[in-house]
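There are 2 protein chains.
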Amino acid sequence: MRIIRSIRGLQAWRRKYENQEIGFVPTMGALHEGHLSLIRQARKHCSTVVVSIFVNPLQFGPTEDLSRYPRPVKSDQQLCRESGVDLLFWPTSEEFYPKDFQTSVKVSRLSCCWEGEARPTHFEGVTTVVTKLINLVRPRHAYFGQKDYQQLLVIKQMVQDLNMDTKIVRCPTVRESDGLALSSRNRYLSERQRLQSARISAALRHGVQLIKRGTRHVTTIQKELKKVLRTAEGLDIEYVAVCDAHSLARLTRAKGSMVLLAAVRIGNVRLIDNMLVKV
Amino acid sequence: MRIIRSIRGLQAWRRKYENQEIGFVPTMGALHEGHLSLIRQARKHCSTVVVSIFVNPLQFGPTEDLSRYPRPVKSDQQLCRESGVDLLFWPTSEEFYPKDFQTSVKVSRLSCCWEGEARPTHFEGVTTVVTKLINLVRPRHAYFGQKDYQQLLVIKQMVQDLNMDTKIVRCPTVRESDGLALSSRNRYLSERQRLQSARISAALRHGVQLIKRGTRHVTTIQKELKKVLRTAEGLDIEYVAVCDAHSLARLTRAKGSMVLLAAVRIGNVRLIDNMLVKV
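Protein chains in written order, with our numbering: chain A, 2 to 280; chain B, 2 to 280.
A few of these clues could be false.
Any copy, or any two copies together, can satisfy a pair, since identical chains are not distinguished.
[Stated by the list, open to error] The calculated EDC-like cross-link candidates involving lysine to aspartate or glutamate, where the alpha carbons are at most 20 Å apart (straight line), are: (1) K256 <-> D245; (2) K168 <-> D101; (3) K157 <-> E96; (4) K168 <-> E19; (5) K100 <-> D245; (6) K17 <-> D166; (7) K148 <-> D245; (8) K157 <-> D101; (9) K107 <-> E125; (10) K17 <-> E118; (11) K45 <-> E83; (12) K107 <-> E192; (13) K17 <-> D179; (14) K75 <-> E65; (15) K75 <-> D179.
No wet-lab data here; the hints were simulated from the structure.
Here the structure is a predicted model, which is why all the values come from computation and not from measurement.
If we strip away everything but chain A, and leave its shape as in the complex, we get:
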């Protein structure tokens, strides 16, 4: 596995792989089984696999966890090596965002609801960094987890709107045995919080079951979801919603392709999860 830190180095490397089908997994490091499942997908379908590790300052709000975000450099490298990654791109913030940097990419409608409301500059940071990375790596396929469902939709919309020559591949959320969606932020949880947090996926699963069994009234579904969430002590609900799976518009009646979204706080840890369901 090659490790490249400079933009120039990456561009030189890329030119030698002109006719290769590159599969790309952009990450912020602190790799877990969720990331590894993305890498396995890329490995299966593409001749060359590139992973980037970059804790992107642009996507953190001023009060968020940028400085304490985990950066286990050595074990991340080891995991990439073991997963058959061909190239690890690991740029520096100084080179990625030089002093005169002033360009941003914004997806308007899909970015302003849900996570966009809770984290006003988040998606602009995500779409800007993903544009830069895609322009550098020029992958045929780029892999994103369903876990960050709104991010996935925002990036798909951007790629389509800007006519980028990359296919965005959605990969299933990987979960702990009790259902908690894997996230690099789970390591912030105390043992007790970790146990409580399993209620998030339990609530979503309950919602999916209700819909599958015929409940259509969204207010009812949401009430039921919240009931499950409230069985966890010290869990604050930020939002719970039944939305159109494409537009993320809040529904009043369950219909078509839907996504159930949840965002909660446990202590000072913010967790999100979602599940898809169709009727």
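Dock chain B against chain A, hints included.
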């Protein structure tokens, strides 16, 4: 010369030219000798030359001349053919901006002064459309005229910030024999206005001469420039400035690489021009 109207058609064409050095000239049509000089540059340096013609609605303000902007389709095609263009990409607005289109690319600092102040959404429209076109055409080189100097800087900044794999080439402004910079909007001018408009380049030339002969005090230079402009009847000055050629910051003393900028109105036609000078 091939003419392609659909995005899918262009993408299919592009895949066949994977290892070609493409030179790209994006235009809004109404081609004149200025555009043709860009095409000649591309023809000289690249194996394949692509021209796009697209009157981009995003870069027009609500009170601007989108609907009356000239669209001489037949003669534009003929000029491209005669200039040895390999591919003319001529998309439709409906396909380029479908109903759910919602992504924009923005260069903040360089876009907010001068033309950006006069035309608040203009550069965002330009950078968004150029991003789309560059992603589709994937050129090695893209050619822009110095005539729209701020646009050139904004696009260069964007390409650098977003790590696009394209080199932006600045081409000299082409002028009429009396000095008026060629522009598709010149055809809006009455015969009388056309004569008056030569004062713009005369003023800029005078400014350059003053600096070359040692004048450093920018207020003096600007006064002199305005004096020349005021010899034209019915010409309203929007701005005249001596700026740093890289940052476009207004200078108080002439120094380093500079650009002299002018924007004026003659009747309801808005004209811009600029000249570079170094001390």
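Verification of the hints:
no.	hint	in the structure
1	K256 <-> D245	within (8 Å within a copy, 58 Å between copies)
2	K168 <-> D101	between (31 Å within a copy, 18 Å between copies)
3	K157 <-> E96	between (26 Å within a copy, 17 Å between copies)
4	K168 <-> E19	both (17 Å within a copy, 18 Å between copies)
5	K100 <-> D245	between (40 Å within a copy, 17 Å between copies)
6	K17 <-> D166	both (19 Å within a copy, 14 Å between copies)
7	K148 <-> D245	within (16 Å within a copy, 47 Å between copies)
8	K157 <-> D101	between (28 Å within a copy, 12 Å between copies)
9	K107 <-> E125	both (5 Å within a copy, 11 Å between copies)
10	K17 <-> E118	neither (42 Å within a copy, 44 Å between copies)
11	K45 <-> E83	within (15 Å within a copy, 49 Å between copies)
12	K107 <-> E192	neither (38 Å within a copy, 44 Å between copies)
13	K17 <-> D179	neither (45 Å within a copy, 50 Å between copies)
14	K75 <-> E65	neither (24 Å within a copy, 57 Å between copies)
15	K75 <-> D179	neither (28 Å within a copy, 67 Å between copies)
Of the numbered hints stated above, those contradicted by the structure are hints 10, 12, 13, 14 and 15, listed in ascending order.
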